[in-house]
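4 protein chains.
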Amino acid sequence: MSVLLSISIFPLDKGESLSPYVARALKVIKESGLPYHFSPMETTVEAETLEEILELIRKCFQALEPDCNRIICNMKIDYRKGSSGRIVRKIKSVEEKLSSSF
Amino acid sequence: MSVLLSISIFPLDKGESLSPYVARALKVIKESGLPYHFSPMETTVEAETLEEILELIRKCFQALEPDCNRIICNMKIDYRKGSSGRIVRKIKSVEEKLSSSF
Amino acid sequence: MSVLLSISIFPLDKGESLSPYVARALKVIKESGLPYHFSPMETTVEAETLEEILELIRKCFQALEPDCNRIICNMKIDYRKGSSGRIVRKIKSVEEKLSSSF
Amino acid sequence: MSVLLSISIFPLDKGESLSPYVARALKVIKESGLPYHFSPMETTVEAETLEEILELIRKCFQALEPDCNRIICNMKIDYRKGSSGRIVRKIKSVEEKLSSSF
Chain A
808 MSVLLSISIF
818 PLDKGESLSP
828 YVARALKVIK
838 ESGLPYHFSP
848 METTVEAETL
858 EEILELIRKC
868 FQALEPDCNR
878 IICNMKIDYR
888 KGSSGRIVRK
898 IKSVEEKLSS
908 SF
Chain B
808 MSVLLSISIF
818 PLDKGESLSP
828 YVARALKVIK
838 ESGLPYHFSP
848 METTVEAETL
858 EEILELIRKC
868 FQALEPDCNR
878 IICNMKIDYR
888 KGSSGRIVRK
898 IKSVEEKLSS
908 SF
Chain C
808 MSVLLSISIF
818 PLDKGESLSP
828 YVARALKVIK
838 ESGLPYHFSP
848 METTVEAETL
858 EEILELIRKC
868 FQALEPDCNR
878 IICNMKIDYR
888 KGSSGRIVRK
898 IKSVEEKLSS
908 SF
Chain D
808 MSVLLSISIF
818 PLDKGESLSP
828 YVARALKVIK
838 ESGLPYHFSP
848 METTVEAETL
858 EEILELIRKC
868 FQALEPDCNR
878 IICNMKIDYR
888 KGSSGRIVRK
898 IKSVEEKLSS
908 SF
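Keeping their order, the protein sequence lines are chains A, B, C and D. Residues 808 to 909 (this note's numbering) make up the first sequence, in order. Residues 808 to 909 (this note's numbering) make up the second sequence, in order. Residues 808 to 909 (this note's numbering) make up the third sequence, in order. Residues 808 to 909 (this note's numbering) make up the fourth sequence, in order.
Okay, chain A solo, but in the shape it has when bound (with noise of 0.2 Å):
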C-alpha cells in the first residue's frame, strides 16, 4: 500500500513571515524518516500505511500548538493499493507521457 500526504500547515496569528513554522513541520517530517518531496507550497510524504501519516499530522500540529493560537491546515491524501515508491514513480511516469507528447 502507498499512502501519499500533501501538507501545509501555518499559524494564522503570527503575521505572514511564515517560515520559521514552515521549519518547525518539515523537521517533524524528516524525523519520521519516511521519504518526502519539499515544494514551495507544500510537502509530500509516502507511508505504507494511513496510521503513519495520521500520526504525522498530529506531530506537525504538536511543533506548532505550544505558541500558536490558530493553525490552518491544508491536507491532500492520495491513498492506493499496491507497493509503495509513488512519491518518485509518479513524477517519472509523468515525465515520460510529456517527453512521448512532443
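Quick caveat, the hints were computed from the structure, so don't treat them as lab data. Take the hints with a grain of salt, since some may be wrong.
Because identical chains share one entry, a pair is satisfied inside a single copy or across any pair of copies.
Distance condition first, Cα-Cα at most 25 Å in a straight line; then the derived BS3-like pairs of lysine-lysine [to be verified]: (1) 837 x 821; (2) 834 x 904; (3) 899 x 866; (4) 899 x 837; (5) 888 x 821; (6) 834 x 888; (7) 821 x 834; (8) 904 x 866; (9) 821 x 904; (10) 821 x 899; (11) 904 x 837; (12) 866 x 834.
We have chain A; now place chains B, C and D onto it with these hints.
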C-alpha cells in the same frame, strides 16, 4: 479548543458517480455524534480535540477501503484555542459583517 | 454544463479574526447572482461556464487587494458536462443514499 | 507582485491511471514559460499577476475538456505584494531556518 475539519473523500476507480461513496463517509460522520455541516463539495465537522478529528478521518477511510483501490481525500483543518461552537458562530459572524456592509 | 467552485479566501497579514474579510468575498459572490451555499469553512458557487467561475475568483481577490498584503485562497473545482443545478442535487443524492443505507 | 499557484487537475471518469492527463496539464504549464516546480501531488507555478494565473487555469481545463466528462481541480493561491522569485526563495528560506534549528 475548537478543531474544524472540512473533508471531501471519494474513490478514483469507481467512475464519475460518487454519491454512494460520499454517503458512506457521511454516515461515519453522523454516527460520530459530532456537530457537522454537509455542503455540496465537502462536509465540515467540529471537535474539541485534534485526536477526535484524526480518528474520524481514519474511520472515513475504513468505510471506503474494502472495495476501493484508490481514494482521494482533501482536508482543511482550522484549529483554534478557545471555546468550541465555531461551526455555528463562524457563519453568524460573517453574516453580521455582511448585513452591516450594505 | 455545471462548474462548482468551493472557495475560501483570507488575508495572512490581518491576525486571526478573519470574518470581515470573508464577508467581503461573500458579498462579491452574492452580488454575482449565481446560486451559492455558504458553509463554515468555504463557500460553494455554481456556474454554467468556467469563465464565470474564473471571473468570480478575480473579483474576490479584488475585494481584498486594496488593504491586504498577503492573501491565501483555497479552491476546488468540480466540472461536469451535463445539466446544471448540481449545487442542490448533489446534497439530495447523498442524502437519499444515506437514508436507504440504514 | 508574486502570485503562486499550486494546482492538481485530473478527470474522474478515466479510471485510476491519471498520468496521461496530468501530463497534458503540465505541458500547458511548461509552454506558458512561467517558472514552475513539479511535485508528486501538484505543480506550483509563479506569475507576476493574478490574470496570468487565471489564464493558465483556463488552459489546463481546455487541455482536458475534449475527452473528459468530469474534471476535479484543486488549487491554492498564495498572493503577495512585493518582488517575485518566491518559487525559489520560499524553499531556501525554510531550509535556512531548518538547518539553524539543529
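These are the hints, each one checked on the structure:
no. : hint      : verdict
1   : 837 x 821 : within (24 Å within a copy, 31 Å between copies)
2   : 834 x 904 : between (34 Å within a copy, 10 Å between copies)
3   : 899 x 866 : between (30 Å within a copy, 23 Å between copies)
4   : 899 x 837 : both (23 Å within a copy, 16 Å between copies)
5   : 888 x 821 : between (39 Å within a copy, 14 Å between copies)
6   : 834 x 888 : between (28 Å within a copy, 23 Å between copies)
7   : 821 x 834 : within (19 Å within a copy, 27 Å between copies)
8   : 904 x 866 : between (37 Å within a copy, 19 Å between copies)
9   : 821 x 904 : between (42 Å within a copy, 16 Å between copies)
10  : 821 x 899 : between (38 Å within a copy, 20 Å between copies)
11  : 904 x 837 : between (31 Å within a copy, 14 Å between copies)
12  : 866 x 834 : within (10 Å within a copy, 28 Å between copies)
Consistency note: the structure conflicts with none of the earlier hints.
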